[in-house]
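Visitor: Protein sequences, first through last, are from chains A and B.
Mapping the first sequence onto my numbering, position 4 (from 1) lands on 4, and the numbers just tick up by one.
Mapping the second sequence onto my numbering, position 247 (from 1) lands on 247, and the numbers just tick up by one.
Worth flagging that the hints you see were computed from the coordinates, not collected in a lab.
For glycine and all other residues, C-beta sits at the position ideal for the given N, C-alpha and C.
Watch out, some of these pointers could steer you wrong.
Label-pair distances were calculated between CB atoms; the ranges are [stated by the list, open to error]:
| no. | chain 1 | residue 1 | chain 2 | residue 2 | range |
| --- | --- | --- | --- | --- | --- |
| 1 | B | C175 | A | P105 | 27 to 33 Å |
| 2 | B | R203 | A | A79 | 50 to 56 Å |
| 3 | A | D236 | B | L74 | 53 to 59 Å |
The residues making up each chain are set out below.
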Amino acid sequence: MTNAEPLLRVRDLCVTFPARRGRPPVRAVDQVSFDIEAGRTVGLVGESGSGKTTAGRAILQLQPATGGSVRLLGRELTAMSRAQVRGMRRHMQLVQQNPYSSLHPRMTIAQILAEPLTVHRSVPSQRIAERVAELMTLVGMDPAVVPRYPHEFSGGQRQRIVIARALAVNPDFVVCDEPVSAVDVRTQAQIVDLLHDLQDKLRLSYLFIAHDLAVVRAVAHRVAVMYGGRIVELGDAARVYDSPVHPYTRNLLDAVPIPDPARQRAKLAESSPEPQFRGRDGETGPCVFGEDHAAGGMPAWHEVGPGHGVSCRFWPPGVTPPALKGH
Amino acid sequence: MDDRGTLLQVRDLTAQFNLDGVPSRVVKGISFDIAPGEAVGFVGESGCGKSVTARAIMRLAPEGSSVEWGGRILFRGQDLLTLDEHEMRDMRGRRIAMVFQDPMASLNPVMTVGAQIDDILCRHTGVSRRAARRRTVELLGLVGIHDPALRADDYPHQFSGGMRQRVLIAIAVSCQPDLLIADEPTTALDVTVQAQILRLLMRLRRELGMALMLITHDFGVIAGMVERVYVMHGGEIVEFGEIDALFAGPRHSYTQALLAAVPRIETARRTA
Ligand SMILES: Nc1ncnc2c1ncn2[C@@H]1O[C@H](COP(=O)(O)OP(=O)(O)OP(=O)(O)O)[C@@H](O)[C@H]1O
Ligand SMILES: Nc1ncnc2c1ncn2[C@@H]1O[C@H](COP(=O)(O)OP(=O)(O)OP(=O)(O)O)[C@@H](O)[C@H]1O
Ligand SMILES: [Mg+2]
Ligand SMILES: [Mg+2]
Numbered sequence: 001m002t003n004a005e006p007l008l009r010v011r012d013l014c015v016t017f018p019a020r021r022g023r024p025p026v027r028a029v030d031q032v033s034f035d036i037e038a039g040r041t042v043g044l045v046g047e048s049g050s051g052k053t054t055a056g057r058a059i060l061q062l063q064p065a066t067g068g069s070v071r072l073l074g075r076e077l078t079a080m081s082r083a084q085v086r087g088m089r090r091h092m093q094l095v096q097q098n099p100y101s102s103l104h105p106r107m108t109i110a111q112i113l114a115e116p117l118t119v120h121r122s123v124p125s126q127r128i129a130e131r132v133a134e135l136m137t138l139v140g141m142d143p144a145v146v147p148r149y150p151h152e153f154s155g156g157q158r159q160r161i162v163i164a165r166a167l168a169v170n171p172d173f174v175v176c177d178e179p180v181s182a183v184d185v186r187t188q189a190q191i192v193d194l195l196h197d198l199q200d201k202l203r204l205s206y207l208f209i210a211h212d213l214a215v216v217r218a219v220a221h222r223v224a225v226m227y228g229g230r231i232v233e234l235g236d237a238a239r240v241y242d243s244p245v246h247p248y249t250r251n252l253l254d255a256v257p258i259p260d261p262a263r264q265r266a267k268l269a270e271s272s273p274e275p276q277f278r279g280r281d282g283e284t285g286p287c288v289f290g291e292d293h294a295a296g297g298m299p300a301w302h303e304v305g306p307g308h309g310v311s312c313r314f315w316p317p318g319v320t321p322p323a324l325k326g327h
Numbered sequence: 001m002d003d004r005g006t007l008l009q010v011r012d013l014t015a016q017f018n019l020d021g022v023p024s025r026v027v028k029g030i031s032f033d034i035a036p037g038e039a040v041g042f043v044g045e046s047g048c049g050k051s052v053t054a055r056a057i058m059r060l061a062p063e064g065s066s067v068e069w070g071g072r073i074l075f076r077g078q079d080l081l082t083l084d085e086h087e088m089r090d091m092r093g094r095r096i097a098m099v100f101q102d103p104m105a106s107l108n109p110v111m112t113v114g115a116q117i118d119d120i121l122c123r124h125t126g127v128s129r130r131a132a133r134r135r136t137v138e139l140l141g142l143v144g145i146h147d148p149a150l151r152a153d154d155y156p157h158q159f160s161g162g163m164r165q166r167v168l169i170a171i172a173v174s175c176q177p178d179l180l181i182a183d184e185p186t187t188a189l190d191v192t193v194q195a196q197i198l199r200l201l202m203r204l205r206r207e208l209g210m211a212l213m214l215i216t217h218d219f220g221v222i223a224g225m226v227e228r229v230y231v232m233h234g235g236e237i238v239e240f241g242e243i244d245a246l247f248a249g250p251r252h253s254y255t256q257a258l259l260a261a262v263p264r265i266e267t268a269r270r271t272a
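If we strip away everything but chain B, and leave its shape as in the complex, we get:
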């Protein structure tokens, strides 16, 4: 850690689901820190608990499930797990925002994309509808949607997968949060739009001092974006370190296996 202090301190976090009365612990006592303005990456196998960890910080249970959290999540020294729902609602979106892994489920299918962003802006920043729409169009343009003023009147199903993902990013950054949690934010984007989004996130970090918790399976993306990275496996953090050091000399066998499996653009199809 450096002298920036901490924005987020997670201590012994656990998350447990109940499957037909049988408790199933999927996050097994993990601890990590994020400094103000810092960018931290999370990688790991599919199902190792990255999204459940991220959702715990937002204190959002997966839909249709009850989850039990344990440990402490200190945001500027305040334990989020002890806040009441009202206080937590104040936190969400404004101080801590999240881009969810599932764009379709986080958008309202019967409301236009623009109206959904307008609503959030009005709620969190108290601006007028007219001013909100101006900002909405600006945000859609910022995430690379062509003809943003027209496109704001589309419904989510009229957007492509990558366009929906960009809407979520626009929503998440709309209120200039202190911490942005981005769960696989660019999986549905072509690499040129992806680069544009990554540069945008970098710029927001620089200009607003926004911290970033980036979850991704893409080692090319993580390589350029974060200062430190945590490697998760089976609900635990098995390794963490500075990004350069971890890429150059992974210590844990799981990290080594993961890095060895990174696909390379030079590698052609295996011949039958």
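Chain A on its own, in the form it takes in the complex:
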């Protein structure tokens, strides 16, 4: 690790939704830590409901964090006033998970794309129409359709408009929450190429949240796997995909559907019992790696290779790390 601070540094980020009607509070994000260097992409994958969207929103200060630190461009975001955060918005943007509800229904595409340009005064007013057209072309859409309203577009077309809006102000960092799940595979490949080109040209950084592990592999330098609010595995994409260590990561990779009818049918037909990842939290005594975290005060995190770490939480009973087998 060098002295230079990465573009984004997240440490021990926590988001808890308060208790309601006799129910315990929901720890949606629990001590999440990772870095993103300028010009790099971190893929965030994991269980549905594991806190990916909430983590992305908390990083962008769209959701109050209950603890931890988020530094972007060397500046602590969690301590900022609303006005200061607003000033940072031109550096950080969100491509929302739901392309339907994230576009204002009564605004035309032209108005939707012009809004961030006027708010951040990123281009002079006489150049706005030109920039809007440029953005449409950038995401592979016909600039002539900008007088139309969002509901007049298909799911995938709206998704591209949402991406265009996020890119309007030339941000440094973009959280892309399921940016390609609504589009066909050819458009997917085009959007992935577009994100790459922008990254090469502008040194953009992405936090890329997605369920499609093949797409994540195609975009991410590093991959974080979330389960139950925590990152359970983090490492270079090749390591996480080729030598996964956490049982949840292995389970996830095993479940990836295969685009081959005979093999995929066979896969669906075999019913493997769901492994039990739950529980084993806050336990005392040695963890699966043989460390006593409660006694030692060390975080529940283990380096298993260069730049590749794994959590000892959420291991099903009886499952041990591959390297420890036979010891």
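Given the structure of chain A, go ahead and fit chain B with the ligands onto it with the hints provided.
Guide: Positioned in the frame of chain A, the structure of chain B with the ligands alone reads:
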């Protein structure tokens, strides 16, 4: 086609929007069949008319737009396009159910998730509120929501994207329809939950003889789920066939391009 007969026969279906007085035809005379209990897939580029076609079968115009349909949609021989709204309402949800592409827009934001499912069950099956809630909790469990009895009292915004999508699936299968139209039903789900949902759909097909019209961009999903597949492009069906044959030897150049673009898990990031 085989000897199962047909459940759904779509003939020369067209759909046309009016954009500032200019008619714009987005579905251009397509025909297809679905047999009872059969699973049929629809793939194609974004914007080619898959959702508009699916909504035509439900006879639902996109919100805020008027759409004109043409052709015939025969469900058990009865043309849905000629039914009055009352008869159609009877059809929807009970005989034909749909999982919409947009989970948030199909849920009521000010009503708890459980109450919304209870309502549908009461309306369609006439059971008591108490019995409905029991079934609701069962359905939420079936689609893999943890602590379903507690979670039933949550509002949609308190659910994650994938949890909302599963609620829609629970609602759609709640009345055991003859035909389930699923428009991108698993895009917001992780692959383990996705597999669980796909197995559930398979089981419902097997046990209830439910037919499935599955729209998806995911070729891994379509590969294991359907018997036949229709490929759409620009409002038309450009190719259809048995799933194995189509994967092995796509004929139309668009289908070939589509299959060539399917992302592979083995492919790493392109280096800058
Ligand atoms: N406003 C809220 N109030 C209460 N709980 C919430 C709220 N928003 C999210 N949650 C809960 O926080 C947890 C994490 O949700 P989040 O949306 O971050 O998951 P996710 O990983 O993005 O899932 P998905 O892959 O399904 O989109 C879930 O259990 C969810 O129900
Ligand atoms: N309400 C509307 N008014 C005008 N045009 C519309 C409307 N809804 C859809 N369209 C147009 O109809 C065409 C087909 O849309 P549809 O939603 O069926 O596409 P799709 O195949 O489902 O795409 P996706 O895979 O992106 O969901 C698109 O070109 C879209 O722009
Ligand atoms: Mg999410
Ligand atoms: Mg659609």
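Visitor: Out of the numbered hints, which ones does the structure contradict?
Guide: none
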